[in-house]
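Protein chains in written order, with my numbering: chain V, 1 to 495; chain Z, 496 to 720.
By construction, these hints were calculated from the structure, which means they are not laboratory data.
Careful, some of the hints might be misleading.
Part of the chain V face toward chain Z, derived, beta carbon under 10 angstroms [stated by the list, open to error]:
(1) Ile-120
(2) Pro-146
(3) Pro-233
Have a look at the derived ranges for each label pair, beta carbon to beta carbon [unchecked claim]:
(4) Asn-528(Z) / Leu-142(V): 24 to 34 angstroms
(5) Arg-485(V) / Tyr-514(Z): 27 to 37 angstroms
(6) Leu-395(V) / Glu-599(Z): 55 to 65 angstroms
(7) Gly-613(Z) / Ser-222(V): 41 to 51 angstroms
(8) Ser-539(Z) / Arg-403(V): 43 to 53 angstroms
(9) Ser-147(V) / Lys-521(Z): 24 to 34 angstroms
(10) Arg-485(V) / Asn-528(Z): 53 to 63 angstroms
Here the structure is a predicted model, which means the values were calculated and not measured.
Every residue gets a Cβ at the ideal spot worked out from N, C-alpha and C, and that includes glycine.
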Amino acid sequence: MLKTSLVFVGIALIAILLADLEVSTQYPWLEMSRMVSGAFTPDLPVVWEFKSSLFNTVVFALCGTFLGGILGIGLAAFFQYMPVRLFCAFVRAIHEIFWAFIFLPVVGLNSICGVLAIAIPYAGIFAKVYAEIIQESDQEPLEGIPSKAHRLSRFFYGVLPVIYADTKHYTAYRFECALRSSAILGFIGLPTLGYHLETFFKEGMYSEAAALLITFYLLIASLKYWLKPRLVPVYIVLAFVLLSREISLSWENVTRFFTYEILPWPMRRQGIRDGTYTVSFVVTPIWEWAKEIWLEEAWEGIWKTVVLTQIVLVGTGLFSLFGFPLACRHFTGKVTNRIWHYLLIVVRTTPEYILAYIFLTLWGPSMLPAVWAILLHNGAILAFLSSNNADLVQLRMDAPLKRINRYFYEILPRIYGQFLAFLFYRWEVMMRESAILGVLGIYTLGFYIHSAISDDQIDKAILLILFTAILNMGIDFVSQMVRRRLKISTKLSIS
Amino acid sequence: MKSDTNSPLFYLNQENVSYKDTVVLKNVTLEINQGERVGLIGPSGAGKTTLLRMLYQKVSDQSAFVHQHYALVPQLSAFHNVYIGRLDRNSTLQNLINLVYPREKVRQEIIPILDSLGIEEKSFVRVSALSGGEKQRVAVARAIYRQKSILLADEPVSSVDPHQAGAVLELINQVAETVVMSLHAVELALKYAERIIGLHNGEIQFDLSAEEVTPIMLKELYQKS
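For reference, chain V alone in the conformation it holds in the complex (with noise of 0.2 angstroms):
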């Protein structure tokens, strides 16, 4: 494990030398000073005014999370399938934002825009850990169902109920990310709560968005109180209801977009030079297209998204293995550990977009606020996950006093397996990322594709998009293979 560990350093520290980190803006200090201020004199009452934005948020991420999980429970149904994990593995390859991008055209910038872009890549997460929960939950209560019951029969009464929990844990967690995907929806135009952060960041108007940004957290911290299982039906019709209340959907639109609009230009270039608007098939010329946005975009975007997620992974796993301790019950006081808890849920709660926005204005372009967004993000969560698992930890008593024996002799040694198996399970999400926030103006895969949306050249974003999925689909194999390989799991095993 340490070789490994070793080994991604090393190719992380060549990733930073390779990397654009500087700092652009003249004043950062000055911004950031009135960021601050900002953020403490939050002007509350702002947010009745965009009450609606906060609503579809709500909305999107209802609609989003149930059509993904029905279509993830069909999908898990036949996930021994190896087309139907390919086809998982694709959808959920592509981030929400690009999804988002592919609707934009064809139904236009509205609802079912958001529901879609949430729900498709959803669906093959739901499938992938729908599929494990059962795959790993006992399997006794079913030797109790006689045989010839029907296999629905036989789910509801064998496999549903032993599943529940489980299934209902994930999907609640799920639905916390499904507002964060919802809000950053907004950055692109979709009528949620990004929509006017990105103005209040924009014009510098802080004290609003630092409401915003606190309903948001507000909205989160809550769903404990008003997410009750009994009351889901009743917000998922509702949700609906208001959906369909402004669904306009051109079908023509949309057999144009997938019949004509996605293929290669130069499969159409004939049929608009002679006003027919024709297809035809020419192979040279399709694959010179394609070899030039390789040679031109494709390939400098993966090259930055890589050396970006790399330097991300590595930050990641710093970060957490020197944030846990002060969470942890182990290495400081009640007080510390509480604040450092709520600390961590706060930064793991903002979406890495909008981290990434406030370093943007910040720092200026370049790779370092990238950076600083995946890393926090994540590392937040991975040492939220660390403390919690160190804290399990039992220790005897006479372990040592001195608190870095204690870390490296006591405490590390029993978490750090899970620890990295959870921060290669991580890796794909830090590389959808790290593609992602190309939209922002660092030369990562994201960027080429909003501009190739821009410039309305759908065929080139598709294909720059599915660079990007596969892409992922590949990290998320090696990934595995380093798991296997290393024997660790993110199950948690304290002995």
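Put chain Z on the given structure of chain V with help from the hints.
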């Protein structure tokens, strides 16, 4: 020539079962007829469970099985666990409705069974909250509710209080025509089974009527290494 009605329910001819390297059943030849009450005895690891499972696989549609480890769904109530015994007889829709809202008719079928086993008041308690003995009685109730002519039971009273065990076995004998059960309490086997099969290391040591079994045979069966 034998007529169909007289042919044995089970007929095993020199059957062998092994898992990986260990032989579990050796050369087992056995006939069980309709209406018989068979008790399987022998030290642990003798192959009783394997033999019972083998019998079950041959007649799974016409029989009910009481699992050694109950095989209950811990998250469902005792009532629903008993209902599982007839999942294959009712339509899927009925099954789904029953999960949410049990009809009166079904209640009246199941609750008396739980009553006769002394756990009526636990009918709508989650199985995970029941004691070991109560769980075992739920497992027996499920097998009874299945209403099959053959009942196979693997240690059906191992966790039930000794003073209640007899009543449970009595009930099992009442509801099924043919009963094959493994029991580690030999005195229960001798009392509630008519035919006793002694197993040791996967081999049949003796196969006699309950009256013919002598204390010396039992001593030998359990003391052999």
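Now the hints, each set against the structure:
Taking 10 angstroms as the C-beta cut-off, the interface hint given for Ile-120(V) is violated, the closest approach to chain Z being about 29 angstroms. With a least beta-carbon distance of about 4 angstroms to chain Z, the hint placing Pro-146(V) at the interface is held under the 10 angstroms criterion. Against a cut-off of 10 angstroms between C-beta atoms, the interface hint on Pro-233(V) is violated, since the closest Cβ of chain Z lies about 13 angstroms away. Checking the proposed 24 to 34 angstroms range against Asn-528(Z) and Leu-142(V) shows it holds: the Cβ atoms sit about 32 angstroms from each other.
Against the hinted window of 27 to 37 angstroms, the Cβ-Cβ separation of Arg-485(V) and Tyr-514(Z) comes to about 30 angstroms, which satisfies the hint. For Leu-395(V) and Glu-599(Z), the hinted distance range of 55 to 65 angstroms is satisfied, since their beta carbons lie about 58 angstroms from each other. At about 47 angstroms, the beta-carbon gap between Gly-613(Z) and Ser-222(V) stays in the expected band of 41 to 51 angstroms. For the pair Ser-539(Z) and Arg-403(V), the supplied restraint of 43 to 53 angstroms holds, since their beta-carbon distance comes to about 51 angstroms.
For Ser-147(V) paired with Lys-521(Z), a C-beta distance near 27 angstroms keeps the hint of 24 to 34 angstroms intact. A hinted range of 53 to 63 angstroms for the beta carbons of Arg-485(V) and Asn-528(Z) is consistent with their spacing of about 58 angstroms.
The structure shown violates the earlier hints numbered 1 and 3.
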